[in-house]
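Student: Residues per chain, in single letters:
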Amino acid sequence: MSSKGHAPDKSSGGKQSSKQDAGNAAYQDKSWLLSVYQEMCYFRRFEERVLQAYTTQKFAGFCHVHIGQEGLCLGVQKALRPTDYMISGYRSHTQAIAKGIPGQQVFAELFGKATGCSKGNGGSMHMFSKEHRFLGGHGIVGGQVPLAAGVGFAINYEKKDDIIVCYIGDAATNQGQFHEALNMAATWNLPCLFIIENNRYGMGTDIKRTTSIDHLWKRALAFDMDHGQVDAMNIQKTHEFVSNVVANIRKTKRPYLLDAICYRYKGHSVSDPGLYRTKEEMAEWMAKDPIIQLGDFLKKNKMATEEELKALDKKGKERARADEDWADEQPIPPEDQVWQNVYAD
Amino acid sequence: MAQLILMPKLSDTMEEGAVANWLKKEGEEIDEGQDLVEIETDKATMAFASSAEGVVLKILLEPHKSAPLNAPMCVIGKKGESYNLDELIAKATAGAKPADKKPAPAAAAKAPAAASAAASASSQAQPVATGRVKASPLAKKIAADKGINIATVTGSGPSGRVVAKDLEGAAAGSSMSRTVRTGEDRVIPNSMMRKTIAKRLLAGKNDAPHFYLTVSADMSRMNDWRVRLNKEAEKTGVKVSVNDLVILSVAKALAQHPGINASWQGESIIEYGNVHVAMAVALPTGLVTPVIRHTDQLNIRDIAKLSRELAGKAKDGKLSNEDYAGGTFTISNLGMFGIEQFTAIINPPQAAILAVGATIPTPGVDAKGQVVVQPRMKMTMSCDHRVIDGVMGAQFLQTLVGFLEEPLNML
Amino acid sequence: MAILTYREALGRAMTEEMARDPKIFLMGEEVAQYNGAYKVSKGMLDRFGPERVIDSPISEGGFAGLGVGAAMAGLRPIIEMMTWNFGIQAYDQIINHAAKMLYMSAGQFNVPIVFRGPNGAAHMLAAQHSQTVEGMLTQVPGLKVVTSCNPADGYGLLKSSIRDNNPVIFLESEMMYAMKGEVPDEEHLIPLGVGSIKREGQHVTLIAWAKMVSRAMDCAEQLAEQGIECEVIDPRCLRPLDEEMIFNSVRKTHRIVIIEEAYQAASVGSYIAEQVQRFCFDELDAPVMRVANEFVPMPYAENLEHRVLPEVDRIIPVIKQVLYMD
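Read top to bottom, the protein sequences are chains B, S and H.
Last residue of the first sequence: number 352 in my numbering, and the count goes up by one each step with no gaps.
Last residue of the second sequence: number 420 in my numbering, and the count goes up by one each step with no gaps.
Last residue of the third sequence: number 445 in my numbering, and the count goes up by one each step with no gaps.
Isolated chain B (complex conformation):
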């Protein structure tokens, strides 16, 4: 999990490797591990139900699910404080839930219901919660990166020690706004953690076909920004690494670019069969599945039996089902909502 050999010394990830052993103790904590396991199962089951609901035409529009990337989502979330901010792209259902938005409100939002977290104004791509400091799913690739810099600016301006986590897809790193924002964040020492969810495909295009560098953390080199790479298929490694990075950002106020290696099992959106990837490649990644990895660890260390894990998964399944059932019952927005919130008073 450490930063790769060719990462420069100044990488915080590299600096943090000494702390890793001390941190490891946390990963022996059985109850923590079991709860994380259950949440990952819940996230996966949630997104499966979302897919099912879409394919049975319970809702429409675009729908991008996060299956396979649960380890990153939870590993990061568990490293944050509630007052930290988060902003993301269009694949953010479970990130929103991780940040605190109840899953039923996310499901209701997908169904365009009045009680969705954006009252049916946002949909799959635009989950928001001021209360939980989740500043949105955003639909313009890379557009959220300057916003994150702005939040970082505001944190410094108000002399707070929160940070902002900004999720970015791998292909968004070729967008001009990404570079503009990273330059400002590095120049002005803004407390931003930019996380590239590097699942290696921008929609159907292999990132290698559109990008001149071999590793996306190298984008940080242009701005002399701290950076690192993490195996985001493993939640324990991810959590430990990100915890150290976050602590460092709080201390130094220096922004950080994290190249988080992960994989999405499903297509870019529901209508994408993912033909640009071979079955072998998919099988190879799915063998490293974050849920399976943690399950194996738990079994190997005699912290849980197969049956106990199955029971946890079942709980996740039930939770996801309950979220959907709740959303089914919710009212659609009143017509006069069309005219509300165009302008603030």
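It should be emphasised that the hints constitute simulated quantities derived from the structure, not laboratory data.
Treat the hints with care, since some could be wrong.
What the hints assert, rightly or not - Result set (EDC-like, lysine to aspartate or glutamate): computed pairs, CA atoms no more than 16 angstroms apart in a straight line:
(1) S:K261 to S:D305
(2) H:K317 to H:D337
(3) B:K321 to S:D398
(4) S:K261 to S:E415
(5) S:K314 to S:D332
(6) S:K155 to H:D401
(7) S:K174 to H:D401
(8) S:K88 to S:E37
(9) S:K52 to B:D279
(10) H:K142 to B:E165
(11) B:K322 to S:D40
(12) B:K322 to S:E41
Note that the structure is a prediction, hence the values are computed from the model and not measured.
Following the hints, put chains S and H in place on chain B, whose structure we already have.
Tutor: Using the frame of chain B, we list chains S and H on its own:
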């Protein structure tokens, strides 16, 4: 319980699909979320995961046969479970679109109402018909207001367009509007009104053979009610007059006697479908009769408010044509001037008018046979004998007196 | 009343507002040490320090977005575009993010931010420095669009824009920065959405905003010598638009000429024309006429630039046309 799996929508444009390959055979176990079948959509062939867990009990869709969205594909349930396929299909089709799309009822009802409002608005907004004459919108409006036929005006604008200044000339040529504009204000409004009064009253008296019925009513109860109503006037802001009470009672009585609320039309008699009571208002310049519409459906405060409003408008000379039009029965009241009794001339094309006198303390005999002083009001109804016979008129007045003597009877 | 230049009036508005509310900051290219490319922010770095008056990199999309993010987190940024021609680089942030945030989040995140800078042609700056943006930006729900034609209006409107809880596009003009005018000594705020009658008249309404107001006033002056009284009205805010003021003027004069430094298609002027014909149809004695830029990129040569912009010599014949005088 067995669950039916339906053809899913796997692309935003997909309308039908075909099974490319079943990944599970009948009898095989499957978990929720596990791939069940490969489906050819209009865009691609995609694996589709099961939304149920258990055993594939029955496959209903052969590979490579296309089927519409929501067509049954297979049944999943517990091993050996029995199920009724028809029931499953009926249930699934009923709930094929389970997303709850019930709109807020108010919102749904709003749309057609708004549409019809728009439609009626547009039908009202008919432009002034001017044939093929080219004229600016303002010119058309001025012409309509002044009653000038715009086709007779020569346009000075591009391609002969009639514009506002062309109509200034045309208007100047019309003697009437000149008088109206610059004439002696002392003469014109008075004579027009008197002319109208004269014409109408003459027609009313000449055409309609009048006969007269006089009654008197004990107004004690009405007076009590009026005192009560006016005690609340501080709160409601509406003061009720005797005349308002008479209007209300007449309207309610007319609703029961449609033969009085009528008009002679030569070949036929119209019994009006609505009760629109006109009230005579005396002005220094003459008499006007503004109309309270649907009088029988109003409550006493509405009537008081409207009668005051109309009287005010009449005094300010602000009554519009609409305020005059459509009366079906008229009440003329000179009671406030101390007139005990009088007869009025019918306001054509109505069939009757009620002349109301002052309420005067009068010795009378009460229910117990005692001689007492009662506040009594005399009324004389003039009837058009072509429409109303004596008994009809008498029955109407009986009802009216009943209402005036016991307001509760109106309820 | 003090006589101030337009740039001084705008600088005074920002300075007063920043002194009043510590959450306001100014960011843009050259706004701090250089005192502003057009000196609007002169002296503000000295007064407020580098935490609140910030020189940005040349990254319009980036620092516009930074402003939006800061506004979501509770600050009230003023973002200066050195010119709106550069501001076009920031359209994604303005249109897709600032304008839509409140709605997408169903009221959770409002974006109190002012994007300000000079708009339209100056003098011989050619095609890439002469664009007007109000047509495009009034198309976007969620944005307010504000113009001004003199120092007093600029001062009162910029203060209101800064206090507004929405993204406000504040359009200035290079040609006006040196314009002098009286500005009240005491604080005054002009509400957004209220227009102003710059000259009263009964024969024809001329509607214009920003630097076109002075063109309209020049026309009115010339025509007054021939006995024609033009009413010159300036809506000031293009969104929200003071439609009542426009309709009342048309009801009085029955004729309107719309003068705008923009292209005719899908512009603010075309919207006004549509509204006037719809709501004042029976009042019109002549078609609604418009004078706008010729539909070409801005040429450099002085005579050609003059030919493209709505100048007095192109406006007066149109006014005479609606008065049926030609």
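Student: Each hint should be assessed against the structure and marked as holding or not.
Tutor: How the hints compare with the structure:
no.: 1; hint: S:K261 to S:D305; verdict: 5 angstroms, holds
no.: 2; hint: H:K317 to H:D337; verdict: 12 angstroms, holds
no.: 3; hint: B:K321 to S:D398; verdict: 90 angstroms, violated
no.: 4; hint: S:K261 to S:E415; verdict: 13 angstroms, holds
no.: 5; hint: S:K314 to S:D332; verdict: 15 angstroms, holds
no.: 6; hint: S:K155 to H:D401; verdict: 15 angstroms, holds
no.: 7; hint: S:K174 to H:D401; verdict: 15 angstroms, holds
no.: 8; hint: S:K88 to S:E37; verdict: 9 angstroms, holds
no.: 9; hint: S:K52 to B:D279; verdict: 8 angstroms, holds
no.: 10; hint: H:K142 to B:E165; verdict: 9 angstroms, holds
no.: 11; hint: B:K322 to S:D40; verdict: 15 angstroms, holds
no.: 12; hint: B:K322 to S:E41; verdict: 13 angstroms, holds
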